[in-house]
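Residue numbers (my numbering), protein chains in the order written: chain P, 376 to 732; chain X, 376 to 732; chain G, 376 to 732; chain R, 376 to 732.
Don't take every hint at face value.
One copy or any two copies: either way a pair holds, since identical chains are not told apart in the list.
[Claimed, not checked] With a cut-off of at most 20 Å between alpha-carbon atoms, the simulated EDC-like pairs for lysine to aspartate or glutamate come out as follows:
#	residue 1	residue 2
1	635	608
2	551	697
3	664	437
4	551	458
5	545	455
6	587	697
7	639	696
To be clear, the hints were calculated from the coordinates, so they are not data collected in a lab.
There are 4 protein chains.
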Amino acid sequence: MNKKLRVGILGATGMVGQQYITLLNNHPWFEVTHVVASQASALKTYAQAVEGRWHMQQNIPDSVARLTVRTVQDIATSAESCDFVFSALDTPVAKEWEEQYAAAGIPVVSNASTHRHTPDVPMIIPEVNPEHLKMIPIQQKNRGWLKGFIVVKPNCSIQSYTAPLAAIHKTHKIQKVFVTTMQSISGAGHPGVASYDILDNVVPYIGGEESKSELEPRKIFGSLGEHAFVYDESFTISAHCNRVPTIDGHMACVSFECEKKPTKEEILSAWESFTGEPQHLQLPLAPEKPIHYRSEENRPQTRLDRDTDKAMAVTVGRLREDPLFHWKFVGLSHNTIRGAAGGGILIAELLYAKKYL
Amino acid sequence: MNKKLRVGILGATGMVGQQYITLLNNHPWFEVTHVVASQASALKTYAQAVEGRWHMQQNIPDSVARLTVRTVQDIATSAESCDFVFSALDTPVAKEWEEQYAAAGIPVVSNASTHRHTPDVPMIIPEVNPEHLKMIPIQQKNRGWLKGFIVVKPNCSIQSYTAPLAAIHKTHKIQKVFVTTMQSISGAGHPGVASYDILDNVVPYIGGEESKSELEPRKIFGSLGEHAFVYDESFTISAHCNRVPTIDGHMACVSFECEKKPTKEEILSAWESFTGEPQHLQLPLAPEKPIHYRSEENRPQTRLDRDTDKAMAVTVGRLREDPLFHWKFVGLSHNTIRGAAGGGILIAELLYAKKYL
Amino acid sequence: MNKKLRVGILGATGMVGQQYITLLNNHPWFEVTHVVASQASALKTYAQAVEGRWHMQQNIPDSVARLTVRTVQDIATSAESCDFVFSALDTPVAKEWEEQYAAAGIPVVSNASTHRHTPDVPMIIPEVNPEHLKMIPIQQKNRGWLKGFIVVKPNCSIQSYTAPLAAIHKTHKIQKVFVTTMQSISGAGHPGVASYDILDNVVPYIGGEESKSELEPRKIFGSLGEHAFVYDESFTISAHCNRVPTIDGHMACVSFECEKKPTKEEILSAWESFTGEPQHLQLPLAPEKPIHYRSEENRPQTRLDRDTDKAMAVTVGRLREDPLFHWKFVGLSHNTIRGAAGGGILIAELLYAKKYL
Amino acid sequence: MNKKLRVGILGATGMVGQQYITLLNNHPWFEVTHVVASQASALKTYAQAVEGRWHMQQNIPDSVARLTVRTVQDIATSAESCDFVFSALDTPVAKEWEEQYAAAGIPVVSNASTHRHTPDVPMIIPEVNPEHLKMIPIQQKNRGWLKGFIVVKPNCSIQSYTAPLAAIHKTHKIQKVFVTTMQSISGAGHPGVASYDILDNVVPYIGGEESKSELEPRKIFGSLGEHAFVYDESFTISAHCNRVPTIDGHMACVSFECEKKPTKEEILSAWESFTGEPQHLQLPLAPEKPIHYRSEENRPQTRLDRDTDKAMAVTVGRLREDPLFHWKFVGLSHNTIRGAAGGGILIAELLYAKKYL
């Protein structure tokens, strides 16, 4: 491990790109060596390209500030400059270019929604379905790719409840879930939500978010078929997704029913003991505990709990009986860290530790 | 109708009391002639009593500003000064004093939660269960009261979904309801929620609110027994109640299942045509339409829709199929007007039009 | 006055245009008959053109919803369809088109900053400098315009302190003013300020705002020369302009020094008695009193006081001695009503009452 | 330095007390061994005493959670348990008890305003007036105290501009300062500002804050007389203090005039090179640079810059010429860290390094 892997960021000037660059600063295994953005930024230094629109609290790391911004079309330079890329491309262009990068031998870890339901592309929460990475050689074979591949991160809205449900699903077979999310404005990027639309307001609609919230967990809880993932259709989720005036942190109110009702102790114990590959492998950005339960009656709270355990953990609370289903609880996770760049980095760390990178 | 009824406000210096006084300014039927508050305010003018803590945008009406504040113990003066009272007393003292006022011959319309489940006390949403007022003579007989009685208003959290569900329940028998509320800070009164606890935050807990939200609609949808109300146990509600950083307006995300699934058109038509006694009787504070449906994909919104139809209507939107239950939608109502003082005044207007006052 | 003047709105689909349309609904003298927007909206109905981006609480007035949107180039249609126009054009295009409209015989009342310092264009606060309208015939002569002319409204940031200072300037000659503004996000239009940039934040910079705040009062307090306005250079303003997370309402903290120090009573009396043409002429949108003084130690407040007197008044408070200058106070006005569309309408009402329209 | 000093916190359960406990966790020199609160908390463990009202993001440090809470009257126990105390007592009780503690031989570093203008009590910003600590032996002699003494921290509102002005005052003699503050809600403690009073609002009044802001710098810039501090009356400050809806961070808009106008370069250089005892002595909580200048036109911003350099630095920006005075700029500091507990700890570190503790 004497040399760091060289990392490229596709969509490096947007909010998620900036978050990647910030979180990768001083990363023990990875080093940002390549930044890709739109034509308007091409050949500027990264510092010039983001002048007046750098939105992170920390300054731009010096080593990234002086990188020359390339366009996504310039794959040749990417292939020379980096060992893999994080894609924060906008959905409309992500499909074409992520495939071209993979075809050119560059592994892609993507935040875009384009490939989330592509049958041979793993959608990974490292603590929940690391075994889905076994699809990578199949994907490469399907497509004739030698070294490149695509792995994706699920939507930020599901991070607050998927791990807590996964911890229970294994033993008690979850069947029905109602979830209402209260999502922060950073989830929409920048400029994202106009302040006039959200100050002193709740917007009970986020385009496409409810169907993502209902569908993505079925793939994540699914299994590997011969050529494609088999979705877990044993449970159904109904989602209401709302935008609320908070900066960071997505909260979810969840009611669920299982095949057999677990006891409160069984659930708390499942959460307490929940752990996964990132913890066993001691991945650098892994939270110590993926799930933190708080026993106070009014927690988790968005501002107080979003940063728990490097902002990489889910905080849950208020576990109580539900008059219609078995149990209800509240979950919270940080949407731009665990739910975006941090989640992507954890996938890359897992890929590296598992020798896919 | 040449003379206005004289009205007393119990708990006149608090937020709900101030809202009553503001909404009753220039009321065609009622006139505030009597204000009751704690010992600390006694014998001050009302203007002096609320100095530095008047929270309404409008100024104190002159006629109220100069009233002398009395204590709740001084029932004799109340009995002389007013024909009925609105009670915005704190729950701990409300039980004793509301009963004493009723016993002294003074009808009480109450915002307190104390008597909401008292078997012979009507809990009224005027468009939904006006026939529950028929319990009043029974209540008076039960207790030996000649002229006084107690009628209560339900909790503000249920206003955003109870009327929309009532419109459907009549014909399609609602059986199961999931509701997640996002409630404004004015619901907690003043000082209420500390700003440090709610700026850039969501608090997924409001003491007692979930059980109220689950239980109160069963009484409202219930029927009159011989001596007491019979609750409607044909449906079950599961509620998640949250405090969000908005000033006014409670939003509810609702999923529901009926005995027989209604069509979308049936629901929209039920909402469109929903009307009740307040509309037929043309009560002064009645909304023209109790339910407004908005067809835009991102409405209702808290700030944009809370003031609809004198802030007395429920605005609904986003009616769509639910993967688990039959349908889901979003409802919104103004918590301090429809959900508090305005709702109380509408009850009093109904009582007056029906000759109970 | 049996027929209403027909009004066109240039830039009708933006926030200020929407505000004009909302405020002109049921106006006793004016009727919106013509709406102009960019090519993208051309030939749509107004309702279609603003679908998904109508930001007012009130619905689009029916009579405007069905108007066909025209482009600014189609002056011929404008000339037929309206007696004068309000311009809410963006600054870059305002200069050319406002002049073309005036040249075509259509009077223009403008919100744009383009012509604020054009020497023969009056910049009007109706209570402060109505006599500046006398420049109109000179302007027409200067330019060879027969019927058309241009009159402009000053920047929203100066409304909170210009009238209060004008009331004192007449008698005591203001010489130095420090002003720090705290301006609401609606001042930036829609989408305007990104929520990520302003939630839990203050941005101490608004492009161009400080120089406008320092310079515009000099023209407004100035006098008519033979061909051009003579600025009042007897006083100097230093402005700090900040964006704060409030929806509507611009607050200003002001310290000022006069040639001769007025007494507190003189100032309060000047404010109390301050009145102008809009009040004498009983213009429909004129506030009853242009300046409201509040004696509480913590007023004015943005949310509580912005709607005072139809949101057309300035609310002042906290008049106290200043350790460096003579006095300091706090002023507040509603930026999208008094400071934008409402201010423009009041100018048009004045023009109409004075027979310029 | 093998043993840590034992520290007591007076007023340990309030917001400032909690901030002290959080910031002192793992401090290299100090260890919280003693917690003092009101009678209501007495003899509870600290964890019990703050149950339901612990407002920090980090959990209560274990070592403090199990301490037994004492009352302020129990000085004997304090004298045994700690080497010095931080006082976060409420102003009304602070005077009596801080003096009693000092008399009992326990040095007091205080956040309370009580003793800020006591003639022989140093009010310290460690980078600005560390030499004021020389008053300590005089104070002890004045009062017959052997080992105890009182040192105070100035008000949080002045931290954003006092150091930047101090850097200029030395060489160019500041004479006049206008300052308008925009202060966060955490400055009022908890519950502090009611959310209903500040959401979508600005409150242009904070009791007592303007006189503190105008007067305290005169003592800090003052000199030691024989028995008492001599205030620096060579300059005058006029302050407007406002509460705005931000969580943490106090911003100040500042205009100033000097005896001789400095150049822009002189000011920037004075800020860039500004440093003091905390930096020379490498105190644990000292910022690397006390003043950070940002050259972007829209910085500092409250949320983005408050945490700069351990939240212990002042961030300044927007230095530009002032039409009335010489220059204007914007300053920002973190009010509960630099402006409260962090500022207190830095004083204690200075006292320790200088052998006063």
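Would you pick out the hints that fail for this structure and give their numbers low to high?
-> Numbers 4 and 5 - these are the hints that the structure violates, sorted from lowest upward.
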